[in-house]
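Engineer: Here is how the chains run, residue by residue.
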Amino acid sequence: MSLFRIFINQLEEDDQEMATSKKVITRGEWEKKLNAVKLRKEDMNTLVMNFLVTEGFVEAADKFQRESGTKPEIDLATITDRMAVKKAVQNGNVEDAIEKVNDLNPEILDTNPELFFHLQQQRLIELIRQGKTEEALEFAQEELAPRGEENHAFLQELEKTVALLVFEDASNCPVKDLLDISHRLKTASEVNAAILTSQSHEKDPKLPSLLKMLIWAQNQLDEKAVYPHINDLSTGQLEDPSD
Amino acid sequence: MPTTTSTSSSFSSAASSSGNRQADVFSRLASSDPEVKLKALREVKNQIIGNRTKKLSFLKLGAVPAIASALSDSECNSILVQSAAALGSFACGFEAGVQAVLDAGVFPLLLRLLTSSDEKVVDAGARSLRMIFQSNQAPKYDFLQEKNMKFLFSLLNSENENVSGLGASIIAHACGTTVQQQVLCDAGVLEKLVILLDGSLSQREACLESLATVLKNNPEAVSRFVGLEAGRYLSSVTELTKDRYPRTRLLSCLCLVVIYNTSPSYFLNMGTKSSLVTTLLELLNDHGQSGDDAALGLSSLIAEKEDLQKLAYEANAIKNIVDILKTGSELHPKRLQGLFLSLAELCSKLEDCRCSFLSLEMLDLLVNALRHKNADVRTAACICFRNAARSVKNLSAGRFTNDHVMLPLVQLLHDPSSSVEVAVLGALSNIVLDFSSPKSTFIEYGGIKQLIELSKSMDPNARCSALRALRNLMFLADNKRKELFYSEVKAQGFVSLISDPEPTVQEQALALLRNLVDGCINSIEFVFDEDGLILDTVGKQLRKSPQAHMAIQGMYVLTNVASGTELHKEAVMQQLFPQPQAESNNFMLKFLQSHESQLRSATVWTIINLISPSSPGAHDRHVKLRDEGIIPQLKNMVNDACLDVKIRIRTVLSQSMSFGDN
Chain A
3 MSLFRIFINQ
13 LEEDDQEMAT
23 SKKVITRGEW
33 EKKLNAVKLR
43 KEDMNTLVMN
53 FLVTEGFVEA
63 ADKFQRESGT
73 KPEIDLATIT
83 DRMAVKKAVQ
93 NGNVEDAIEK
103 VNDLNPEILD
113 TNPELFFHLQ
123 QQRLIELIRQ
133 GKTEEALEFA
143 QEELAPRGEE
153 NHAFLQELEK
163 TVALLVFEDA
173 SNCPVKDLLD
183 ISHRLKTASE
193 VNAAILTSQS
203 HEKDPKLPSL
213 LKMLIWAQNQ
223 LDEKAVYPHI
233 NDLSTGQLED
243 PSD
Chain B
495 MPTTTSTSSS
505 FSSAASSSGN
515 RQADVFSRLA
525 SSDPEVKLKA
535 LREVKNQIIG
545 NRTKKLSFLK
555 LGAVPAIASA
565 LSDSECNSIL
575 VQSAAALGSF
585 ACGFEAGVQA
595 VLDAGVFPLL
605 LRLLTSSDEK
615 VVDAGARSLR
625 MIFQSNQAPK
635 YDFLQEKNMK
645 FLFSLLNSEN
655 ENVSGLGASI
665 IAHACGTTVQ
675 QQVLCDAGVL
685 EKLVILLDGS
695 LSQREACLES
705 LATVLKNNPE
715 AVSRFVGLEA
725 GRYLSSVTEL
735 TKDRYPRTRL
745 LSCLCLVVIY
755 NTSPSYFLNM
765 GTKSSLVTTL
775 LELLNDHGQS
785 GDDAALGLSS
795 LIAEKEDLQK
805 LAYEANAIKN
815 IVDILKTGSE
825 LHPKRLQGLF
835 LSLAELCSKL
845 EDCRCSFLSL
855 EMLDLLVNAL
865 RHKNADVRTA
875 ACICFRNAAR
885 SVKNLSAGRF
895 TNDHVMLPLV
905 QLLHDPSSSV
915 EVAVLGALSN
925 IVLDFSSPKS
935 TFIEYGGIKQ
945 LIELSKSMDP
955 NARCSALRAL
965 RNLMFLADNK
975 RKELFYSEVK
985 AQGFVSLISD
995 PEPTVQEQAL
1005 ALLRNLVDGC
1015 INSIEFVFDE
1025 DGLILDTVGK
1035 QLRKSPQAHM
1045 AIQGMYVLTN
1055 VASGTELHKE
1065 AVMQQLFPQP
1075 QAESNNFMLK
1085 FLQSHESQLR
1095 SATVWTIINL
1105 ISPSSPGAHD
1115 RHVKLRDEGI
1125 IPQLKNMVND
1135 ACLDVKIRIR
1145 TVLSQSMSFG
1155 DN
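Sequences listed follow chains A and B, in order. Using my numbering, you'd call the opening residue of the first sequence number 3 and step up by one each time. Using my numbering, you'd call the opening residue of the second sequence number 495 and step up by one each time.
So that you can see chain B by itself, here it is in the shape it has in the complex (with noise of 0.2 Å):
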């Protein structure tokens, strides 16, 4: 067709006479001629409102720094309007505009509009000047400083909409600690925040924002804030979940998930719950930012209550979450981490809903999700798995273990994220309890080995998350699997997770190896391996006044040790009293005398081991432990508070006494 061969030629030549465009309204920027200057200025903001290629090429170009200096150099009020608006522009929700505005010191440039006497110009000021405090690159409002709260509550006292909306706006996103919020609560910053409410939809949308941000994990701000007028205040945000706007109601939401999450004691109401727990659910299905920041807000609001999780369940919200994933259209990141974490949370402890969700045929989507390019989306999916795994009917019907569920799981074990690697990890620490086949996929795919690989990282938390995996995977597991684990790490590599630096991890690598010797007796020998370097370094770590956690588990690898050959039973006794001792520093009498009853418990089912009648050693044992003062600790512990510590005690001094003891 002759039409298409004229356009396309005409393609290229519109891609270099836009450009020829734009580089002569550039030119025109610089005039000396403020009446050409005026018109150039206006032709660029009206080019680039709107338009992020525009604003992008106009970027590159170097307008910024132009239209800088034409704010700078000028006292004509409509070329201050005009350039303050461009460079408002930039920046509004563009992080490249953003930088290059604050790079240009366009800011004080702005500040200075402020105190104009032209309305308009105040105005176009106050606008930008809100546009940068929208991007975390703003420069970090120092409210400790006298003159910097003056100014700032001038802000919130001006008759100007746009101006006192930037100074809420600033609190909303300068504010962040503890600190920084007293500042301003002293100062009386919640008493001039609350006046925007009754103000117009901009006023009360800032408002809202920076009222969360002051009280955020902050009693003492809340209940100040909940004080104004007996609650008015409460009320009225609390009426605006019903506004007719729904950023409005999204942000009261918010603001009321924050006050919920500090101090849940003024919510008694189950009314207020349940009607903030559907209305999130309604904005769920706003197609903009607000659906984005409320998924973002349900999970908050409903992470670690119980509660809340089943008002949720009950209003639907599993299906209603799921239809929105499966809509096909590509949401945004922010939006799948929200939905994905409110899911996760409700997963979290109701077994009704882990089966509801994985009923609807939810695992392809999650599975696609652990490939997304967002790090945070692929962490919220794991999480999710996480929790949908504690449904131990489900984990035994398979639909964990399946290699097209295990084989993207166990390929996050690489990946570059720290969170994606501990939210994986959780994942298949759950996952690995799978009893139900004789085989692991998990292991088939290498896990073990990477497992390993991660106990060795350099973030803790990953350390430790690896070692629970690995520890959930050796329960209750055959000589085979022990045997192949344990030829990949050895008595030394054993040595070096039970002497990790932090607590958490060597408690986890205690109880590794806690469940590593359970079982068959033959599974202790491990412990003896290069004469015995692993049982000696649990005793040299219990002889060093750990932590209870860790004691715990070390107390039960020796307890586990003990219960089997007379050599086992000798070697802990070793362990347990060392020759030569130079001071009493006898580690049981201090278990046994420890506030956690666990340790007490364990401490005494090692003893219990050690004395059992039935093999020929104990009488001598028993002997030793009396000697130490171990039994007569136990006889004032007849009474001991709990339960279960009482009961073993009393396993023991029946054994005491059938050795002829008094």
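The shape of chain A in the complex, shown without the other chains (with noise of 0.2 Å):
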């Protein structure tokens, strides 16, 4: 019993030890070494615009370029036709919204098989919303169906999304996230890439990744040393590393 309790005690030492071989950095250290990286104001500014721009903040993009004199990336009236069909599709006005982009650019969706697919996937996903079953079915019949005939992969999609009409009540079946309305967002962020690619522009905000790399740096120097971390990555508060 008493070697058992002398073992316990040797680990915890080794613990400690162990705990003791990292770097500590206090935080009064920590914001020294903070201060001395030097931002530009218009590296900042880039960014911050970058992401009104690409997420479609039409007139907060125009204000910003007003108040500070950033250059968009873009032309600001085409973002505005982009977000016209986003906020289509985000509301279920699928037809509307493929009026929209092929207004916008009729390259799109003739030379993106997966993405009109998927347009035309949500248009079936709200007819059967609406419950429009016989309406759905014709769809399905006329739209699709060639679709899933070229491609064996849209076929499946097809399948399942035709699944939806089988049973009494849809929003407790398999499928049934076809019917979320995160669906709507994830065919309205395709659109937007997709357009945002054929006007040569970057899909993604530059910000995002930015604050993944935060992360990533700081789960990589947890390994290395103990020191005031973001964890909120919305207030951006450093916070001492608990005892």
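Hints listed in this document are in silico derivations from the structure and should not be mistaken for laboratory results. This structure is a prediction, so every number in the text was calculated from the model and none was measured. The beta carbon of each residue, even a glycine, is placed where N, CA and C say it ideally should be. Just to be clear, a hint being listed does not mean it is correct.
As the list claims (entries may be wrong) - Just the calculated beta-carbon pair ranges, DEER-fashion: (1) B/S521 x A/D182: 36 to 46 Å; (2) A/L41 x B/L854: 46 to 56 Å; (3) B/T609 x A/I232: 14 to 24 Å; (4) A/D182 x B/A590: 47 to 57 Å.
Got two chains here, separate frames each, mind docking them using the hints?
Structural biologist: Here's what the structure looks like:
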């Protein structure tokens, strides 16, 4: 019994040794290091503008341009068009969205079979959601079945979607995720990305990538040091390491 | 279930109601009311974009001419935009649509739109024209005409990215010949195109495509391009192989492949070569068209280049390609062709590759590809077999001679496509060299008859390849096989083969004959069949001042015949020095003076056999050869540049001395 206790004590001591083998950086030291890093205001403004433009906040981008003098990377007018498309999908008006995309650039849907299929699929989902069963079947037969014939992967997704019609209570069936609003958002995001690509713009804003890099860097540093973390990205507050 | 019965009736009504809707829209296209017309145009456009089935059904209704008249008759910008967009969609990736659009005379109408003051109209016109130029059916653009060149440059100079992209597209798809490339370069097209490299995504891609077309196989154009701003643009293109967009990476790789194949000296850096190979390998995994094009690009890059094949092998190319082929999903024929050709190139010279490839249980996949409906895929699979069969180790393990592989290959001898025929003959030529088994599956499948059939084909390539396969089949063959073969051909058949109008075919026929008479003395009798018809024909051909390659095989035939009995040797002498001889038409002397060392060597061998001291008539033959100036000629050749020839001559001269000659 006493041997066991000695053994446990030994382990505890080992733990402490391991904890103290990492370098400890105090709050003061850390803030000093951070202050030594110089950032240009222009770079930060560019990041903000990039975020506003990519996400489609036209008025905010316009105002920001006027106040800070930062040039937007693309013509703000095209953002309005793109946002109209995204909004239409998010509201479930897929047919309207398709018409708008075709007005903006008729090549996008003609050269993106996967996107086109997803839009048509969303249309089908909306018809099912509205309870228009006959119309939904007609639509599936006329518009989607040929796409399924052209491509095996589409066929599987089509079958999943049509399965919604089989169940009495669609909102509780195995494929109920399709009816979720998040599916609309997914489709909207896909369209947004395609439009951005056609305009040679990167489809993702840079800011989220930078934040991801921050978290990754902290994780890497955790293996070697004890230091104040940013745990809440929305506030960016430094929090002391827990003892 | 009650719902099923009601839906089945709605299915049939669905078909008819959609048909009705289409007919309704179609009729509104012809409306005189511009509002109604515009709405109908938009409706048609929105229905067909992305939807191939709808394109086809509207096409059948005759929508294209209707929309074309809307385009030509109207002044209203909105109508112009919508009709142009609809027509462009018909032409997008849909060959029947391109045909219909061109037939309806839309091309000049779209060109007119490019000069409009309304930017949207210009955009619509440029986009649609670009769609047309993606197709092979696009009108041949005559770059040699002054006004056409001017127009092209006005497009390239435009601020509008759709218009400049159109200019690049026209070049990419219409520029084919060296003359066209030259004319374009002289007019300064390279300088204009490279500006697009710094432009938008679509401009960059159009530029890369057109650069590849202008530079292809044209060293002058390549050196001009590389010379621009001291190689800056070559670096730009190389940088783009690391771009974030896969299609850009692909197009820049293909551009570099073109440059490398045309002027390899610009790629001395191993690093660039290596990264080109690995980028293309990565792109193979892309599901879309980029992946298809990457496969063909890779095969083109590593073709005939052992160092690059090694690089690819070390980068795990074989496993990667085999994994893609094994995924089981239906791959586009272009991709299959590219992948098989890449494998074929990898196996062309490197034994490691062949063994690695064959160890991955690929034969089933390859055999299936032999039955693919696309001829290019079948051809590529055959070439793959041909190169893999160069592995003696695997060949003698019987991997290729079992029924599973042999039967489909033999069946392809009847293939309607001539490229498949030639390719399968190439594969069989190698496979029949399997000496490990006493029986030959190929012969059991009636292979000999089929090859003889093909040796009479209209296509000279097929004749040549068939004879090559037969030549290999007769190599070190036993009497039984030789008899079997000869019974199908007979003397007259051989005469036709040896007298074929194509020199390459003649050469193969003589090589075949050489193998036939090689071996045991009885084999020599073949040439004496029907009063020595075959031997006479050989002699006749040799007297006709033939090309070196043909003469080499002919002399080896004589060498082999002269290795036989006294009668055989005398018969050869008859062919060499026929009586009466009007002029001294001594082809032997000519051959001994040939630049081709092999021909000199073959001729000396014949002499060696003719005067080999063990035979009674050797002395007399030696006298004749001396009198005809042959022996003196040999004395002049004691220091022949070719070691092999030198050694043989020494043999002759020592034989000569044994006859007591000075």
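Engineer: Now tell me if each hint is right for this structure.
Structural biologist: Checked hints:
| no. | hint | verdict |
| --- | --- | --- |
| 1 | B/S521 x A/D182: 36 to 46 Å | holds, 42 Å |
| 2 | A/L41 x B/L854: 46 to 56 Å | holds, 53 Å |
| 3 | B/T609 x A/I232: 14 to 24 Å | violated, 58 Å |
| 4 | A/D182 x B/A590: 47 to 57 Å | violated, 40 Å |
The structure is inconsistent with the numbered hints 3, 4, although it conforms to all the rest.
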